[in-house]
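Peer 1: Line by line, the protein sequences give chains F and C. Residues 26 to 251, numbered by the working numbering, are exactly what the first sequence covers, in order. Residues 151 to 367, numbered by the working numbering, are exactly what the second sequence covers, in order.
Source of the hints: derived by calculation from the structure; they are not laboratory data. Don't take every hint at face value.
One-sided and incomplete, this derived list gives chain C residues near chain F with beta-carbon spacing under 7 Å [stated by the list, open to error]:
| hint | residue |
| --- | --- |
| 1 | Asp230 |
| 2 | Phe233 |
| 3 | Pro234 |
| 4 | Glu237 |
| 5 | Arg239 |
| 6 | Met256 |
| 7 | Ser258 |
| 8 | Arg260 |
Cβ atoms here follow ideal geometry from the backbone N, Cα and C, with glycine treated the same way.
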Amino acid sequence: MINAKWRYRAVNIATRYRRKTLLIGVCSAMVGCGGGAAVQVEGDFPKPLIVASPVHVGLVLDDALITYVHTETIEKAGEWSVDVGPMQPKLFRSVFGAMFTDVTEVATIADGAGLAGVLVPRIDKFQIAVPAQTRNDFYEVWIRYVIALYDAGGSPIVEWPLTAYGKTSKEEFGPLESADEPGMRAATMTAMRDAGAFLALRFPTLPEVQRWLRAHASPDAEGMSP
Amino acid sequence: MRVAIFALVTAGLTSGCVTTTIQEMREADTGIEDGESVVVLGRHHKGGQDIESGFVDCVSNNLNGGRNKLGVIREDEFVDAMFPWFEPRTAPLTTTDLPEIIGHPMLSERLGEIGVRYVVWVEGATHRTDQGGSLACSAGPTGAACFGFLSWEDDSSYEAAVWDIKQGAQVGRVSSDAVGTSFMPAVIVPVPFIARVQNTACSTLADQLKRFITNDS
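Make the full structure from the sequences, and use the hints.
Peer 2: What follows is the structure, given as structure tokens:
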């Protein structure tokens, strides 16, 4: 009787274990072989620690930039979309707000007449790579921005290509958790942060920008940084 | 008590052997005062090999714990506070760039606010250097069983460069190289004997860094 009871319990446990294993297997297959991801990028950027140039600039954040969504079908990795548009105002308000003493958002370049210049950032190219495609452990993002600066009359002063890169290892996420969404989100944030850092430190050192700054900086200018 | 002994015996039985080599090169005197802290940063520059973020956290936690613990600022907090100067593409690669950073009034003021005295740059990685054996498992209506033997060797090699913000110079380097073999024999049930190679490299590196920074030989 006792043996029979124990045998019943053993069979019962084994059945439950098999069901659990099957469930985990099915879930893993769904996670591992899923058809891509829709990634909504969220977060904030720290305020750059730089000395602002004493000029008043206009900033155009057009619809193409603030609604930018990258979509791509990757072989063996499905349909991917990365929505970075809503992050662009956060990035450029934070970086340009630290680079210049006064920044006014304007709808068009022409609306910036009377200001020292107008900045127009845009996304030129966006590329992603995922582990299922590259067979390494990384989610990678490349963003090629073009930062255009126009003078008060609307003539271009410089069009500066700025390539940013970000990557995240899937090992940073738990083995039972799908790394696709958080991995791509983190890699995209790293790329945008890279763009912000490079923009803040390198854009003011461009010869065309330096000439423009010398012409427009107020006499009590503290000097550029870096 | 019995539970503690069992846990110790189990840990001893189920861990492989790890051999660690620590090296230290001192270039200047060190010391740390109350209110001063250390930040451990991983090297992530383009072209270089990325360090595992878990290893940086591990070294930070070990420096901030145990005997003679040091004040430690988290890597992400420091990088945010110093944005955009310590990003992968903009961080100083050598101490020749350090005077520019600490000579900048805004940055020097921020460094003073957060109280960082030492920046420890860690680079390195853990690699699987060897593996062999085979293991087969099968399951049937009466149960499951595994037979075989697996073994693998990991090598964790990390180096830390210590920069003194006060002196504006590198004050030394500490390296930790740990090699260990893990194995898993299986006669019906696989029993893993895992060598915690990376963890050993982390704790030995952190211990040596503590001694190096506090000048405690």
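Peer 1: Determine for every hint whether it applies to the structure shown.
Peer 2: Against the structure, the hints:
no.	hint	in the structure
1	Asp230	holds, 4 Å
2	Phe233	holds, 4 Å
3	Pro234	holds, 3 Å
4	Glu237	holds, 4 Å
5	Arg239	holds, 6 Å
6	Met256	holds, 6 Å
7	Ser258	violated, 11 Å
8	Arg260	holds, 6 Å
Violated hint: 7 only; the structure is consistent with all others.
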